[in-house]
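Taking the hints into account, I'd like the entire structure generated from these sequences.
With the numbering used here applied, the sequence shown has no gaps in its numbers, which climb one by one up to 446 at the end.
Keep in mind that the hints were calculated from the coordinates and are not lab data.
Relax, there's no trap hidden among the hints.
Computed beta-carbon distance windows for the label pairs: (1) Ile402 <-> Leu304: 17 to 27 Å; (2) Val67 <-> Ile346: 48 to 58 Å; (3) Phe254 <-> Leu147: 53 to 63 Å; (4) Ser211 <-> Met32: 28 to 38 Å.
Using N, Cα and C, we set each Cβ at its ideal position, and we do this for glycine too.
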Amino acid sequence: MNKLPLIIKREYLAKVRNKSFVIMTFLSPILMVGMILLITYLTQLNDNEKRIIAVLNESGYFANEFVATEATSYVNFRDISLAQAKDSTLSLGYYGLVYLPEEPNLERVAQRAFFYSKDAPSASVLEKLENVITSRLRQERLRELGLSPKEYAEMDRSYNLNIETFDGLQNIKGINEIKAVIGGAFGYLIMMFIIIYGGFVMRSVIEEKTSRIIEVIISSVKPFHLMMGKIIGTSLAGITQFGIWIVSGVILLFIGLAIFDIDPSALTKGGMPQTMGNGTGMDVDSVTQNIQLYAQEIFEIPILAMLIFFIIYFVLGYLIYSSIYAAIGAAVDNETDTQQFIFPVILPLMLAIYVGFFSVFSNPNGPIAVAFSLFPLTSPIVMLMRLPWGIGEGGVPVWQLISSILILIATFIGIVWVAAKIYRVGILMYGKKPSYKDLFKWLKYS
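Below, the structure written as structure tokens:
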């Protein structure tokens, strides 16, 4: 067992001294930050683009309905024909032309209204124009029924249902989705780490097996110790690289935002859910109260506990999948032959992400979410998605958390035992592409 630290050290140093590893360690944050800054800049540039829409209103209706916004402004054409309006719109480079023909009533105007543009118009622009016409048509219909604009405004006013727990704690709409996204981000990090660095373990085994170095190594080291040394050494190298990525990425991001004068708010375009805004019958005090509730709910997320359990689930999940990757690497002669074994390994991770998101979003303590947070191949991801709701009452029950970790440990021991058997036989097998039947036979060897 005293040789295990030497194997770990060897694997770690071999990985971190590799030229491609060093290059990607420092190049990846630059590429990622560059991509984020480019997307943010293009988004900001797109949002700053001002659309000018011409309006030819021959109907006598829609006097003040087309109101300019930050993204769109309107120019009214008067005393010209439709053909002249089209020519003027094209020559002036306007985004499009809204044509409202002269008709005996508003219903006919709405039916015969047109929007002319050089290319296919944006769906959001069309939706805004259609909303203007629909709203005006609705007002006209209600006016004919004897309703005043004030009465119409009161009738059209919507309300948000107040939400409160049985314990008297006020709740807010959309907070479950925010918590699920925060938990999902932690789970997604685990999945990406497992896929990337699990592949490193597999390729390392294949390289040593192909070069026949493995035959010399196992003459003095037990196959189990060699496999565990590879897994731990590669994981430490991965954690080192991941840490450098996070630190350098954050620093480069802030430097890039300052240099290129990009508004940081563009990174989170859209802000809080729409239920917080005006236009839903909420006054300023209600909006302020909602903002405070959102902030309170987010600050009450157990970040420290999530970080602790992130490390626990990350280590256990990575060890389980890395053992499988090591066994696959030992069973084949080249990376091409691994394809038949890789998909069944990645499938539980993909299932955890998609099923976890759908089940946790709707019901974090529902039977599907609980089942997948206990199943060992999906629990590192799904359990982290549930943790933002807290631990204990109203959140993840303590017994489920403990059971999940114990099941993971037991599964790790079992998979390592199985993987070690495949690894022990597979590293000395050459020239034959193994099948699942062959792998089952290797498990029977004593």
